[in-house]
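Sequence lines, in order, name chains A, B, C, D, E and F.
At position 150 of the first sequence (counting the first as 1) the number is 150 in full-length UniProt numbering, and the numbers step up by one without a gap.
At position 138 of the second sequence (counting the first as 1) the number is 138 in full-length UniProt numbering, and the numbers step up by one without a gap.
At position 56 of the third sequence (counting the first as 1) the number is 56 in full-length UniProt numbering, and the numbers step up by one without a gap.
At position 63 of the fourth sequence (counting the first as 1) the number is 63 in full-length UniProt numbering, and the numbers step up by one without a gap.
At position 25 of the fifth sequence (counting the first as 1) the number is 25 in full-length UniProt numbering, and the numbers step up by one without a gap.
At position 152 of the sixth sequence (counting the first as 1) the number is 152 in full-length UniProt numbering, and the numbers step up by one without a gap.
A couple of the hints might just be wrong.
One copy or two, either will do: identical chains are not told apart, so a pair holds if it fits within one copy or between any two.
[Claimed, not checked] SDA-like, lysine to any residue: derived pairs with alpha carbons at most 20 Å apart: (1) K27 to Q99; (2) K48 to R162; (3) K27 to V95; (4) K89 to T115; (5) K112 to A96; (6) K112 to D160; (7) K157 to S28; (8) K112 to T30; (9) K57 to S25; (10) K141 to T154; (11) K141 to T45; (12) K141 to R162; (13) K48 to G155; (14) K112 to Q99; (15) K57 to V31; (16) K112 to D97; (17) K27 to N54; (18) K112 to D23; (19) K27 to G53; (20) K112 to N54; (21) K89 to V22; (22) K89 to Q74; (23) K89 to S164; (24) K48 to S25.
Keep in mind that the hints were calculated from the coordinates and are not lab data.
Residues per chain, in single letters:
There are 6 protein chains.
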Amino acid sequence: MQNQNSQSFPTHIDAAGDARMVDVSAKSPTVRVATAEGRVRMEETTLKAIEAGNAPKGDVLATARLAGIMAAKQTAGLIPLCHPLPLQKIDVQIVADDQLPGYQIQATVKTKAETGVEMEALTAVSVAALTLYDMAKALEKSMEIEGIRLVRKTGGKSGDYRRS
Amino acid sequence: MQNQNSQSFPTHIDAAGDARMVDVSAKSPTVRVATAEGRVRMEETTLKAIEAGNAPKGDVLATARLAGIMAAKQTAGLIPLCHPLPLQKIDVQIVADDQLPGYQIQATVKTKAETGVEMEALTAVSVAALTLYDMAKALEKSMEIEGIRLVRKTGGKSGDYRRS
Amino acid sequence: MQNQNSQSFPTHIDAAGDARMVDVSAKSPTVRVATAEGRVRMEETTLKAIEAGNAPKGDVLATARLAGIMAAKQTAGLIPLCHPLPLQKIDVQIVADDQLPGYQIQATVKTKAETGVEMEALTAVSVAALTLYDMAKALEKSMEIEGIRLVRKTGGKSGDYRRS
Amino acid sequence: MQNQNSQSFPTHIDAAGDARMVDVSAKSPTVRVATAEGRVRMEETTLKAIEAGNAPKGDVLATARLAGIMAAKQTAGLIPLCHPLPLQKIDVQIVADDQLPGYQIQATVKTKAETGVEMEALTAVSVAALTLYDMAKALEKSMEIEGIRLVRKTGGKSGDYRRS
Amino acid sequence: MQNQNSQSFPTHIDAAGDARMVDVSAKSPTVRVATAEGRVRMEETTLKAIEAGNAPKGDVLATARLAGIMAAKQTAGLIPLCHPLPLQKIDVQIVADDQLPGYQIQATVKTKAETGVEMEALTAVSVAALTLYDMAKALEKSMEIEGIRLVRKTGGKSGDYRRS
Amino acid sequence: MQNQNSQSFPTHIDAAGDARMVDVSAKSPTVRVATAEGRVRMEETTLKAIEAGNAPKGDVLATARLAGIMAAKQTAGLIPLCHPLPLQKIDVQIVADDQLPGYQIQATVKTKAETGVEMEALTAVSVAALTLYDMAKALEKSMEIEGIRLVRKTGGKSGDYRRS
Numbered sequence: 001m002q003n004q005n006s007q008s009f010p011t012h013i014d015a016a017g018d019a020r021m022v023d024v025s026a027k028s029p030t031v032r033v034a035t036a037e038g039r040v041r042m043e044e045t046t047l048k049a050i051e052a053g054n055a056p057k058g059d060v061l062a063t064a065r066l067a068g069i070m071a072a073k074q075t076a077g078l079i080p081l082c083h084p085l086p087l088q089k090i091d092v093q094i095v096a097d098d099q100l101p102g103y104q105i106q107a108t109v110k111t112k113a114e115t116g117v118e119m120e121a122l123t124a125v126s127v128a129a130l131t132l133y134d135m136a137k138a139l140e141k142s143m144e145i146e147g148i149r150l151v152r153k154t155g156g157k158s159g160d161y162r163r164s
Numbered sequence: 001m002q003n004q005n006s007q008s009f010p011t012h013i014d015a016a017g018d019a020r021m022v023d024v025s026a027k028s029p030t031v032r033v034a035t036a037e038g039r040v041r042m043e044e045t046t047l048k049a050i051e052a053g054n055a056p057k058g059d060v061l062a063t064a065r066l067a068g069i070m071a072a073k074q075t076a077g078l079i080p081l082c083h084p085l086p087l088q089k090i091d092v093q094i095v096a097d098d099q100l101p102g103y104q105i106q107a108t109v110k111t112k113a114e115t116g117v118e119m120e121a122l123t124a125v126s127v128a129a130l131t132l133y134d135m136a137k138a139l140e141k142s143m144e145i146e147g148i149r150l151v152r153k154t155g156g157k158s159g160d161y162r163r164s
Numbered sequence: 001m002q003n004q005n006s007q008s009f010p011t012h013i014d015a016a017g018d019a020r021m022v023d024v025s026a027k028s029p030t031v032r033v034a035t036a037e038g039r040v041r042m043e044e045t046t047l048k049a050i051e052a053g054n055a056p057k058g059d060v061l062a063t064a065r066l067a068g069i070m071a072a073k074q075t076a077g078l079i080p081l082c083h084p085l086p087l088q089k090i091d092v093q094i095v096a097d098d099q100l101p102g103y104q105i106q107a108t109v110k111t112k113a114e115t116g117v118e119m120e121a122l123t124a125v126s127v128a129a130l131t132l133y134d135m136a137k138a139l140e141k142s143m144e145i146e147g148i149r150l151v152r153k154t155g156g157k158s159g160d161y162r163r164s
Numbered sequence: 001m002q003n004q005n006s007q008s009f010p011t012h013i014d015a016a017g018d019a020r021m022v023d024v025s026a027k028s029p030t031v032r033v034a035t036a037e038g039r040v041r042m043e044e045t046t047l048k049a050i051e052a053g054n055a056p057k058g059d060v061l062a063t064a065r066l067a068g069i070m071a072a073k074q075t076a077g078l079i080p081l082c083h084p085l086p087l088q089k090i091d092v093q094i095v096a097d098d099q100l101p102g103y104q105i106q107a108t109v110k111t112k113a114e115t116g117v118e119m120e121a122l123t124a125v126s127v128a129a130l131t132l133y134d135m136a137k138a139l140e141k142s143m144e145i146e147g148i149r150l151v152r153k154t155g156g157k158s159g160d161y162r163r164s
Numbered sequence: 001m002q003n004q005n006s007q008s009f010p011t012h013i014d015a016a017g018d019a020r021m022v023d024v025s026a027k028s029p030t031v032r033v034a035t036a037e038g039r040v041r042m043e044e045t046t047l048k049a050i051e052a053g054n055a056p057k058g059d060v061l062a063t064a065r066l067a068g069i070m071a072a073k074q075t076a077g078l079i080p081l082c083h084p085l086p087l088q089k090i091d092v093q094i095v096a097d098d099q100l101p102g103y104q105i106q107a108t109v110k111t112k113a114e115t116g117v118e119m120e121a122l123t124a125v126s127v128a129a130l131t132l133y134d135m136a137k138a139l140e141k142s143m144e145i146e147g148i149r150l151v152r153k154t155g156g157k158s159g160d161y162r163r164s
Numbered sequence: 001m002q003n004q005n006s007q008s009f010p011t012h013i014d015a016a017g018d019a020r021m022v023d024v025s026a027k028s029p030t031v032r033v034a035t036a037e038g039r040v041r042m043e044e045t046t047l048k049a050i051e052a053g054n055a056p057k058g059d060v061l062a063t064a065r066l067a068g069i070m071a072a073k074q075t076a077g078l079i080p081l082c083h084p085l086p087l088q089k090i091d092v093q094i095v096a097d098d099q100l101p102g103y104q105i106q107a108t109v110k111t112k113a114e115t116g117v118e119m120e121a122l123t124a125v126s127v128a129a130l131t132l133y134d135m136a137k138a139l140e141k142s143m144e145i146e147g148i149r150l151v152r153k154t155g156g157k158s159g160d161y162r163r164s
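Same shape as in the complex, but just chain A (with noise of 0.2 Å):
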């Protein structure tokens, strides 16, 4: 078995399909930044009652916040081929909408590092709009979750991105 060198390894079997983490080491680390968004859409009566503090979990706006931001943090370990970065700045924002009805959520992530926080800032609206749902799924169970999307990123040699 000793003798079974690693050279019987195929040095390039980059395969077309295989998934990998790319290899950013190449990039200098910038202050990177994105804000993401997304909305949770509900019956009229679910965001009253949410609004004066009537959902059964308890503060609702307050944990789904907290959920976002430190879901952020935990974005490497979700999203397979994300890179583990340090992040400097998480700021989740949650708005009651008449219109929707329902909530617009925010999140902008900041880094310093060799690639983007797109993923985190995604995540935070993501986990942020999933923790909302859950607390207010005793009033409603249709609840729905949309739009979430990039609204902008910027730093890095790829250009800025700001959705039109």
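Following the hints, complete the assembly by docking chains B, C, D, E and F onto the known chain A.
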């Protein structure tokens, strides 16, 4: 300090707004199933590139499916007031939808426990969608995650639910 | 190498000092509840600033309560020889105490399992206290966490415990 | 978007190659035990240095044993299609083997669940071996982990297994 | 739904009480060190039993030390608004104190980052203390964790701190 | 209790055997790469069944590769004294080997940090091998993981290493 006994701590300060993980110990452990769904909408060219196996990070659908399965197991660590549960089945399906254009995602989770697995199914769909975004974001940054919602749940005292 | 069979491995080398996760399989799963408490002592001015909502990182008590709840679910990942358990209720309460001055923290955890949840309750109190420290440390670095202890436990063969 | 109902999602697209966490809900929860083993082979001088307590990172065996125990509890987070299970006993033993030379590692895990704990036992052995490598790698980088395999399993419908 | 653009989301809703992970990107990464301490107080007979190696779960101090080290690495996952940081040194010391009676715990953590590691040091002490409790709780349930506090910190713009 | 000051705690009790995460702050962050390898040996019929896509849990190799990549990111949470590091590339390759018979696994990890990534590469190989076992264990329980070792490392003051 020793004489500051625990009796000075009020017994019932369960303030209205305080978040809490509700007591499910009075419920019976029964088989519970939940199915959730969601979509990732994208440009037609992005869909075609993914279907042709040209996404730069590798196999998009296998990676997204696995990420969804693994995320379902992390639900109680992500959603602050979710109960940690044993899970007996997790299934994540992703199918291309030319009409969208994009991908339809569906997750089914099963447990035998005192409370349901809606959040596990919704989390699986959300993280599968986020992973799909991550795998293809070099092709298109404007993809949008939408329609994340509960399709049906069975088991438990509160009765079955089926989205109308 | 194939012929190095497992019989060469001694059957009973359970050395006295070796750490082990004890076998609880002979015990019956019963409802078990544990309550723990602790305190964060601080300057009176710090307490007043927190009560006035002037802590620089935001809502101190809601954040600390949630952190305690979420930490209880991570107990088996933190305490090396704790058994991973389903948890059926986690409740963390924090109340201001002008006499201390500071905050009293109390956590109650419930399971239906073969072993108790003292460590889960103590972990919830500890992490709530640490979070409270983190949220207010820009106001005062000399805060001190004290009095973390088990208040009572019920359920299980070893009998109930109540702190005298 | 509202009218894109879930019926457009095929019911049975369980493609042959798709990874899935199989449904174990039809199985009965019974006591199941699995034992796995493995070895770390090293130079004789390395073994002597470890046995003499001269490894630069400190107590090699106690650290490796604990790492194995804690890793068993993380198995469902590491192995994508493993079911999260309650564990009722984890025991990791490590003994010096002058003939190897190196260390023999054995782990036994017990649960009362619908599926077995082979992967938990194998994961405990693997991470104990990796930790042993980490603790001693300043002494020798050419150490090799080998012989990681299932020794026996009991419990469950598929019958007992004992390595011949 | 497509025409609900992100401009409907207010730019500055940074409400006073909302929890946020503060932006540290304007700070310079410098070497930062923090030392924290704490105590576990117990009956004299409990201390003697531990010192004699008679704790039922095995090696109390080695297990508690390792648990503290590993917990320091999990700080950002436990404390909601802590920044995830690289850590360059973690040291946990535990010494018997006959006068207490019990154990004194001290942890020192070092990083090169934009923010300090007080919470990592305090978390290491707290989890080491909890683990010590867990390892010995079959001997005595009335043990108490106390005196968890910052001893000193160096590095960073806000200046050094040393407990007087 | 207040007057038990920290000076009673000895400054230098760095006992010989105590585990510690060594201080790497004096080292320079440089690009470091490590490659590790391992094998899973099995019956010829098992290899053929996997190659034919007949493993009961689905796509064996894609799942094992992803599990290896994700595990590399969890290394500091698994190996007690490993430093948490940013990772800039993770690549896991698995190829069938008819001669073994079984699979050869190779992982390469890259960072820019003060310490190397040998453990990340070895962990990626180990967890990929464990996952491969899990995916195929319904076909054969006697599979064996072997030959897990470091192939080469570059970067860092201690010089490069290449297995002879």
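- Item | Hint numbers not upheld by this structure, sorted from lowest to highest | 1, 2, 3, 5, 13, 14, 15, 16, 17, 19, 20, 23 and 24
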